[in-house]
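Enquirer: As a plain string of letters, each chain reads:
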Amino acid sequence: MGAKEGAVSPHSREESLCIFGTGDLGRSLGHRLFQSGYRVVYGSRRPDSCGPVPQGVLNHAEAAQSSRIIFLCINREHYSFLQALAPQLNGKVLVDVSNNPEKDMFPEANAVYLQRLLPEAYVVKALNTLSAWGLQNGPSDANRQTFICGDSAEAKQAVSEVCTRLGLLVLDRGGVGASRELEDFPLQLFPMWKLPMRIAVGLSGAFFFYLLIRDVIYTYVYEGKDVSFRILVSLANKVFPIVSLIMLALCYLPGVMAALLQLHRGTKYRRFPDWLDRWMLCRKQMGLVALALASLHVLYTLIIPIRYYVRYRIGAGIISQALKNQTTEFFNILAWRTDSYYSMGVLGFALFILLGITSLPSVSNALSWREFSFIQSKLGYVTLFLCTLHGYLYGWDKFLHLYSYKWYTLPGYMLSLVVPTVVLGLKLLLLLPCVDRRLTRIRRGWEHTPQDPSVQKLLI
Amino acid sequence: MGAKEGAVSPHSREESLCIFGTGDLGRSLGHRLFQSGYRVVYGSRRPDSCGPVPQGVLNHAEAAQSSRIIFLCINREHYSFLQALAPQLNGKVLVDVSNNPEKDMFPEANAVYLQRLLPEAYVVKALNTLSAWGLQNGPSDANRQTFICGDSAEAKQAVSEVCTRLGLLVLDRGGVGASRELEDFPLQLFPMWKLPMRIAVGLSGAFFFYLLIRDVIYTYVYEGKDVSFRILVSLANKVFPIVSLIMLALCYLPGVMAALLQLHRGTKYRRFPDWLDRWMLCRKQMGLVALALASLHVLYTLIIPIRYYVRYRIGAGIISQALKNQTTEFFNILAWRTDSYYSMGVLGFALFILLGITSLPSVSNALSWREFSFIQSKLGYVTLFLCTLHGYLYGWDKFLHLYSYKWYTLPGYMLSLVVPTVVLGLKLLLLLPCVDRRLTRIRRGWEHTPQDPSVQKLLI
Amino acid sequence: MGAKEGAVSPHSREESLCIFGTGDLGRSLGHRLFQSGYRVVYGSRRPDSCGPVPQGVLNHAEAAQSSRIIFLCINREHYSFLQALAPQLNGKVLVDVSNNPEKDMFPEANAVYLQRLLPEAYVVKALNTLSAWGLQNGPSDANRQTFICGDSAEAKQAVSEVCTRLGLLVLDRGGVGASRELEDFPLQLFPMWKLPMRIAVGLSGAFFFYLLIRDVIYTYVYEGKDVSFRILVSLANKVFPIVSLIMLALCYLPGVMAALLQLHRGTKYRRFPDWLDRWMLCRKQMGLVALALASLHVLYTLIIPIRYYVRYRIGAGIISQALKNQTTEFFNILAWRTDSYYSMGVLGFALFILLGITSLPSVSNALSWREFSFIQSKLGYVTLFLCTLHGYLYGWDKFLHLYSYKWYTLPGYMLSLVVPTVVLGLKLLLLLPCVDRRLTRIRRGWEHTPQDPSVQKLLI
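Chains as they are written, first to last, in full-length UniProt numbering: chain A, 1 to 460; chain B, 1 to 460; chain C, 1 to 460.
Incorrect hints may appear among the rest.
Just so you know, same-sequence chains aren't split out, so a pair can sit in one copy or run between any two.
Within a straight-line C-alpha distance of at most 35 angstroms, the following computed DSBU-like cross-link-like pairs (lysine-lysine) qualify [stated by the list, open to error]:
id, residue 1, residue 2
1, K103, K378
2, K194, K378
3, K103, K427
4, K398, K378
5, K427, K398
6, K427, K194
7, K324, K225
None of these hints come from the bench; they were simulated from the model.
Chain A on its own, in the form it takes in the complex:
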């Protein structure tokens, strides 16, 4: 393979590249390569009838001979035609830039299929994660990175050189077997966010209707007052913190459950059930959704004093006192209660923001594993504790008063405290010295029954 020798010479700027296919993609790519200083030769089945294309179009066989690297800008359906060109393509670097409109349309990835058709060619998957815009107009901020994979290190090196000259940052993803992952990448739309978003929407909807009944409809039925304006801010400011606290607890529940499972099984070598694995993999997204809801809660809380309703109520209260010529007493205990409740909220939210910042890719990459786990685990539990305490202090002695149980339902804040309380309780259990010791031993590889045949099954 001479691609590398070509690169060594200091004056190889006018290297020739070949593109199979004169469709939109082929033309866009050719245009970019031409701008970056390459000569571009097109290969086509019908070189005479493919519209205006620069630098002439040859038939496939002739075009292939002109260059060491061939970009395939044709549909996977037409790959089979390439088999007839095998003699010309052997030893060439074939760059597969294809994508499919849907996942799992074909049993094997396009690049794997191509490599099987032409075992003597060097197939490299590349550039498929870029948008058409990125290919045509040069990389913008969102499109600097491109992934590459293939079985030949030198072929990948040659294609990397081309990508680099196009201004891209190339990330090697290993052998051609990684093509499936690369081909799925442009199709994905926040796959890890689906479960957390569904939980957030589901819980928010449920609590919205629950609180709508308790707060708005109840008042209308029993007091005949229309307080429907409360939906916009007051109700939202109950739904968001409730869902946020539950979801924060749901971030830590699977870790606790995994530990209990390991304790129960006496080994770490058996796989967790699938649902637990999936849950654990989207903890970060779950936490970030919870953080977004918590931030909304903060904003909704901070605008309270400028709301017309609040100003009116406070003003009306003061006037009625003034008219009655009376002054109320200052309750020290009430000051302690509200201030401690706000304090816990502020501190919990500040730590929550810190967790969010450390989950930014560039920040978490700069942390050692020990640092990352210190923040996400230790500080995470402190955050959960502070936010749960914030909820308990908000409730204070409300649970003693009958008016809290309208229509025999529990107030929303009580429901929001169930999951966090369970998670914190279980975590406390796991921190007991005797439990902790056993768990640590298991995580260091110790097994309750080392001769358990299931282990062997897993490893082989």
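With chain A fixed as given, assemble chains B and C onto it according to the hints.
Expert: Just chains B and C, lined up with the frame of chain A:
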């Protein structure tokens, strides 16, 4: 070229490197290389008279023979002297670390000029993007990355090894032709931010004086009251949201205009006018400036209730009511109006923050193109819609009242709604099925007049 | 070394890798390598008695012959046994994945020690920065990066290929001499944050008790009132801004001191004292702690109007006025004073947030050195100036009133202004044209006494 063979041997730590030039830069670099375990030899025109430098100074020719890699720490003006050394420098790796005090001082980049002078040497541009501080004291957080370019892959590899040993992260930028970009890099001071900052400053200034006249001077002239204290918070809290909303709309206007242009031309293969291209390239910066102004608006709004003026006015209102022995009625419609206005603001701001977070380099790099465009385009329009609605709800029925038109001028919020309304209207037009279908076809490469010769002109 | 040739062939997926050691780490690693498509052979001292391990276990010598790359999953204490295997290990790539439980347990890094024991082998340090979790379950977000070092470029390339196939992003750190740094990495727990955190905790504690005495105990002693509820919000909201402002000033103090030292010495080539170097290295962390405290100050300030205590006091004030049938006058000067004080706070905080955002790794990496220093230095001083002004405006004429000096102590805000005022004063001094000119010359390499022998000492 033997640079690579040298690196293969496991015990090559005491490799020798040569530096031409004993000035400050040469001494700093030599110091760092020496600390990293290299032997350093200096080359100088007058080796006897160049002050205290470690490990002896030789003349250029002798020094060049001692090592395969030569760092040039001399001014571009003296490059011509190197031609006389061509026999000694042929086949060597010459590292050009130079920068110019200004852009476009010379017709060609320093490294290109050097390569032209010494065509048989392997010129590599490197290290020029580091600060003197970074070179001397080792890389700090801001200086881990260094760019490199050159026509010889192996020469770049050899220089990369040295940079890596200095603790740097090397990013390959392609051939020596990229030197211009690398040489311009240290000179740039937020080039993409200039247009957005100018727009922000211009609009802020204009609206500041406009509102100063309407709010402060008008009151002084007609009511004789000095309300100049309003400049600091009230006026700022009108200027910032107005400019922010306009600039958010200006992020989306060029995209809409480009789509209309493509529809009109019937092809995507003709270049946009230069001003449109430049506008589109700074949309991200425009949006971030708008976000900064929106954040200031939020902060200024949230401090409203702790301002002396606001507290005084509210207190005075309550007292006057109490003294008149009267209570005002609660207006349900007013509660709906203010709460919906605040809600839209909170939700719009939250989405705006989300847009800001996804434009962080490390976050946007982790997104697929489909995800990035979902957030920046779809969610972006939702953000613009919510913020515009926030503005309309703020106005409500104020446009019906004569007092809004002091001195026959429009209130500021009305002016701020013009551009967003136009952008949203045009976007709605583009979403009409018949228009959308045609646009999609054009963006897939379809052309109204495929034989249009201008296409050929562009591509060749 | 044939490792590279192996990679060139397009069908090398079933490459064989060898692992020495059948403990937990060896089994986890083997499991992952097997999943990624490698054949794995284990080497053990007692191949017959090491429990269930896949694909058979051989003795060390036989296992070593099966593969070019050998992962050492054994303790450093057992490295000496490997010397007996020198004939089999010569020319092999030995991957040292070891970590020590503590820093500086041994005089030399594990990988350096190994290379000394086996000078003919190619030792590569790798994978040691990953958590056991990361090795076993594949890379999660926090564990994508792995560092690698070693003296042979080709051995590193071969190991990089394996790591890449495991889904990792490999960062080359240079020669085997960098092993110490790599081995220390997993042990570190925010080393650069220790000094700033200690300063923050120390100052916060000191100011807390100082203000507790002035605000709570004084009131209790002289007025007999229990205002202990003020601890939670009011006191915290004094301690946080005070410590934040002092720490922001402490970020800029070392830079000013370094400049004064360079001016005094007349050269930049002499090292700063160690304490100054250490101080300068943790400025970023110092600033981020200050930013966190400033954010808490903002949150605590914004919840002021919804606190029970504040509402009570305002309501009581209005009622007492209403009952006395009196209205207070509006003081224009008071409106200016509070609004300017809030404005400076808002603007200072907004700039502070901007400083925080640009210190995110991915953002600061995208900036040129000139841009980074513009923000962190110029905008940093503006931030310090605005925040200091915020403090002075808060104080206004309080220093004239006797009640400010309870028990002959200064109020907290006065103490917080000392360091920032000194820093800003010294900076102003350095900006004087005559001083600035001399400093610029020194930083360009000019020396007051160029023949000073201490320079030579430093450089050689």
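Enquirer: Against this structure, judge whether each hint is valid.
Expert: Checked hints:
Proximity of K103 to K378 under the C-alpha cut-off of 35 angstroms is restricted to the inter-copy arrangement: shortest distance 23 angstroms between copies versus 39 angstroms within a copy. In this assembly of identical chains, the alpha carbons of K194 and K378 lie at most 35 angstroms apart whether taken from the same copy (27 angstroms) or from different copies (17 angstroms). Within a single copy, K103 and K427 get their C-alpha atoms only as close as 40 angstroms, which misses the 35 angstroms cut-off; across copies the closest is 30 angstroms, which meets it. Taking the shortest Cα distances, K398 and K378 sit within 35 angstroms of each other inside one copy (31 angstroms), while across copies they are farther apart (43 angstroms).
Only within a single protomer do K427 and K398 lie at most 35 angstroms apart by alpha-carbon distance; the minimum there is 27 angstroms, versus 50 angstroms between protomers. For the homomeric pair K427 and K194, the shortest alpha-carbon distances inside one copy (27 angstroms) and between copies (28 angstroms) are both at most 35 angstroms. When the C-alpha separation of K324 and K225 is checked against a cutoff of 35 angstroms, the pair qualifies both within a copy, at 25 angstroms, and between copies, at 27 angstroms.
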